[in-house]
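Student: Here is what each chain is made of, one letter per residue.
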Amino acid sequence: MAAAASACGGAGCRPQCSASAGGEGDAPAESMGRLSISAAAATCGKCDGGGAAVAVAGGVGMCADCFRAHLFGKFKLAVTSNAMVRPTDAVLLAFSGGPASRVALQFIHEMQSKAIQSWETSNSQALPAFRLGVAFVDESVLSVRPGHEIDMAIEDIKSILSSLSPGDKQLHVAPLEDVISSGSDDKAARLKELVGVINDETGRDDFIRCLRMLSLQKIALENGYTKIMLGTCASGIACHVLSATVKGQGYALPADVQYVDTRWEVPVVLPLHDCLAQELNLLCELYSLKTQQLLNRPCSGINGLVASFVSRLREENPSREHTILRTAQKLKPFSFNKFSANGYHDFLPSRLRPKFQNIDANESTFSEILCLICGSPFSESELQNLENTKHKAQKKIDLYTAHCCQSCHFQILPAATDMHGHFFSLLPKFWTEKVDTASASHSSVRDQIADYLLDEDDEN
Amino acid sequence: MDVPAADRARPPPPRAGSRLCVRCGERKAALKRPKTLEQICRECFYIVFEDEIHQTIVENSLFKAGERVAIGASGGKDSTVLAYVLSELNRHHNYGLDLFLLSVDEGITGYRDDSLETVKRNEIQYGLPLKIVSYKDLYGWTMDDIVKAIGLKNNCTFCGVFRRQALDRGAALLKADKIVTGHNADDIAETVLLNILRGDIARIENGLIWLYHDPGIYSPNAYRGFAREFIKDLERMRPRAILDIIKSGENFRISTTTRMPEQGTCERCGYISSQKLCKACVLLDGLNRGLPKLGIGRTKAGAGADSDGKQRIKRSERNTSSLQGKHGNFDF
Numbered sequence: 001m002a003a004a005a006s007a008c009g010g011a012g013c014r015p016q017c018s019a020s021a022g023g024e025g026d027a028p029a030e031s032m033g034r035l036s037i038s039a040a041a042a043t044c045g046k047c048d049g050g051g052a053a054v055a056v057a058g059g060v061g062m063c064a065d066c067f068r069a070h071l072f073g074k075f076k077l078a079v080t081s082n083a084m085v086r087p088t089d090a091v092l093l094a095f096s097g098g099p100a101s102r103v104a105l106q107f108i109h110e111m112q113s114k115a116i117q118s119w120e121t122s123n124s125q126a127l128p129a130f131r132l133g134v135a136f137v138d139e140s141v142l143s144v145r146p147g148h149e150i151d152m153a154i155e156d157i158k159s160i161l162s163s164l165s166p167g168d169k170q171l172h173v174a175p176l177e178d179v180i181s182s183g184s185d186d187k188a189a190r191l192k193e194l195v196g197v198i199n200d201e202t203g204r205d206d207f208i209r210c211l212r213m214l215s216l217q218k219i220a221l222e223n224g225y226t227k228i229m230l231g232t233c234a235s236g237i238a239c240h241v242l243s244a245t246v247k248g249q250g251y252a253l254p255a256d257v258q259y260v261d262t263r264w265e266v267p268v269v270l271p272l273h274d275c276l277a278q279e280l281n282l283l284c285e286l287y288s289l290k291t292q293q294l295l296n297r298p299c300s301g302i303n304g305l306v307a308s309f310v311s312r313l314r315e316e317n318p319s320r321e322h323t324i325l326r327t328a329q330k331l332k333p334f335s336f337n338k339f340s341a342n343g344y345h346d347f348l349p350s351r352l353r354p355k356f357q358n359i360d361a362n363e364s365t366f367s368e369i370l371c372l373i374c375g376s377p378f379s380e381s382e383l384q385n386l387e388n389t390k391h392k393a394q395k396k397i398d399l400y401t402a403h404c405c406q407s408c409h410f411q412i413l414p415a416a417t418d419m420h421g422h423f424f425s426l427l428p429k430f431w432t433e434k435v436d437t438a439s440a441s442h443s444s445v446r447d448q449i450a451d452y453l454l455d456e457d458d459e460n
Numbered sequence: 001m002d003v004p005a006a007d008r009a010r011p012p013p014p015r016a017g018s019r020l021c022v023r024c025g026e027r028k029a030a031l032k033r034p035k036t037l038e039q040i041c042r043e044c045f046y047i048v049f050e051d052e053i054h055q056t057i058v059e060n061s062l063f064k065a066g067e068r069v070a071i072g073a074s075g076g077k078d079s080t081v082l083a084y085v086l087s088e089l090n091r092h093h094n095y096g097l098d099l100f101l102l103s104v105d106e107g108i109t110g111y112r113d114d115s116l117e118t119v120k121r122n123e124i125q126y127g128l129p130l131k132i133v134s135y136k137d138l139y140g141w142t143m144d145d146i147v148k149a150i151g152l153k154n155n156c157t158f159c160g161v162f163r164r165q166a167l168d169r170g171a172a173l174l175k176a177d178k179i180v181t182g183h184n185a186d187d188i189a190e191t192v193l194l195n196i197l198r199g200d201i202a203r204i205e206n207g208l209i210w211l212y213h214d215p216g217i218y219s220p221n222a223y224r225g226f227a228r229e230f231i232k233d234l235e236r237m238r239p240r241a242i243l244d245i246i247k248s249g250e251n252f253r254i255s256t257t258t259r260m261p262e263q264g265t266c267e268r269c270g271y272i273s274s275q276k277l278c279k280a281c282v283l284l285d286g287l288n289r290g291l292p293k294l295g296i297g298r299t300k301a302g303a304g305a306d307s308d309g310k311q312r313i314k315r316s317e318r319n320t321s322s323l324q325g326k327h328g329n330f331d332f
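Residue numbers (UniProt numbering), protein chains in the order written: chain A, 1 to 460; chain B, 1 to 332.
No lab work stands behind these hints: they were computed from the structure. Yeah, the Cβ is synthetic: ideal placement off N, Cα and C, and Gly gets one too. Hints are not guaranteed to be accurate.
[What the hints assert, rightly or not] Computed far set for chain A versus chain B, every beta-carbon distance over 10 Å:
1) A64
2) D185
3) L305
4) S379
5) S425
6) L427
[Said to hold, decoys possible] Stretch by stretch, here's where chain A covers chain B in the computed footprint (C-beta under 8 Å, at least three residues):
7) 183–197
8) 234–241
9) 244–250
Turn these sequences into a full structure, and let the hints guide you.
Tutor: Structure, rendered in structure tokens:
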């Protein structure tokens, strides 16, 4: 699952820039992003306005407007070239309050405004504008912040939203514990118990991320949204590449680092995929885009270690994050990393459709088995283990366990095997239900052909 | 502490206050195994350690009976352990291998002397014949000679390229069928990580590292030190992470559009190379013609000194060496 962009810092460099194509060592000595004092007198290399350069991106000093246009260009390109948003879509932007999601909010709002304008001035000839809503997952139940601070933070978020016009954007604030069970009174306690049963610090961190995504899915489904837009940026993705590698998730790694992820009921898109955290921070500074980071949980355990490692790398070479991303691009994405449903691309102008039409029309549902907890596609050994368990499993618990990837098995499931049952009982029902229905259909088929199956021991 | 399944049949005698080995349940535990965190006695540690290596050899069919195997011996702890264990296993499990120690002498006065002494001791201790190949033998130049000719800048380029080939060339000279090196999990994990940082995917298959390498600037920057520190911190936090990195390396799904290394041979020496001349020949050419910068720095238009003054090594070809006749590059 894509990591939230909690790693701050980073530098700007166009991915196509020849410096990054050549690899490390080519970055100018002054750090990218903010211009060093000596170069501050330079004027913008992009426009003729003669304005002072305040940022460096792609090796070029830019004025604030050009820098903004540069980032917006990357955002828009990601949205259009991956067909992320259809006119009929209702997009839910996941807003954490941090700089990346703040920029995502700003940019998608601008795209929406433009679409609204075209619609209004075209007498309904142009395509209608997509709907846009904002979601904030309130994780304060797991923190020790006093209640009034949390309320203030949420008010801040509301005021950020209301400062954007035109367009009515509904804000959905959902406490994380809602994803555990709806309706019962002891949700918060249940959530704390569930998290408390996880021994590993990194496991807890990752589990909460999984819950966060589920929470977004729930908000989207209950409010009729058709897309979830995350502010995950290049820096966050670079961190994820390393942390997934370090957790033995080399097989599943490509699943979380693409532009599009359709594993979920509501597909997830990452338009800031090519923007570095430092660029986004700088943009917020330059344009006084308000952020609210009080409620952000710093990542801990291995994720925290990776974040500080990437920070050091970045200081040593600002284009390192892009290089890491390039490495990840050498890995094969999965079938769910693109929109392939029949008729999906009909909204595109006909000149663009051929670009998407080599997608296998038969791949409308993907065949990979996904981890029950984190959604990682199963590697061969995990599939083998699952097959073996299906044949021998006496208890449901064994089946649930076998539906967890090796990483979740190690870091999320409680260390003591006899606690697994308790853990699964605390999970939201629909998680384990998926396995129940899958195994029910499997066992009914097995029952039908039971008479014809030879025992493995029968060998003539 | 949970007793592993294998030991449940043998209930350890309860003895208040002393920790018993989880494996034999008889002797006192002498250490906590980093890989598994099991508390284990010395004898059992030797047994499981050697057995795991034996399993790796068997499961990956690394050797065939009768093969002549060169053990890359530097005198360090890894190759010393390798020499000892391999000769033990060869004897114990009748691998039928013809083992010998192979050492490389770069010809740096005062540097190799101690380690070569250690290897000579290994020869005696383990009864394995020792062959030393020197840069002088292989290339006609010692490192001392090279430094005299080109100074202290870029000399690391020469040594690195020469060393990588020296083991292979030396083994070929001595008619070996296989080479074994003492690279351990930490080394391999570091390689996987460093390659990710450099823009390369290193995939591990059957214990070999296949490197999908883009030609580009290759510099031994500070990040190697960061990576090593990171791995150490990681290991402290989660010991199995080292092996998990390797597992990731084994499971990477490489896109088919990623360029595969091409294999050809060097026109001059016949060594495996993806270019007309292998890297060593290019460098030697430079040395012999009094043009020591040949093969160093950019080969594109605008070749010249590097602007930032840092020591840089340009790798203009894809793979320059292979071990065991396969595509791949041990890029440690």
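Student: Now tell me if each hint is right for this structure.
Tutor: Right, here's what the structure says about each hint:
| no. | hint | verdict |
| --- | --- | --- |
| 1 | A64 | holds (29 Å) |
| 2 | D185 | holds (37 Å) |
| 3 | L305 | violated (6 Å) |
| 4 | S379 | violated (5 Å) |
| 5 | S425 | holds (22 Å) |
| 6 | L427 | holds (24 Å) |
| 7 | 183–197 | holds (count 5) |
| 8 | 234–241 | holds (count 5) |
| 9 | 244–250 | holds (count 6) |
In summary, the numbered hints that this structure violates are 3, 4.
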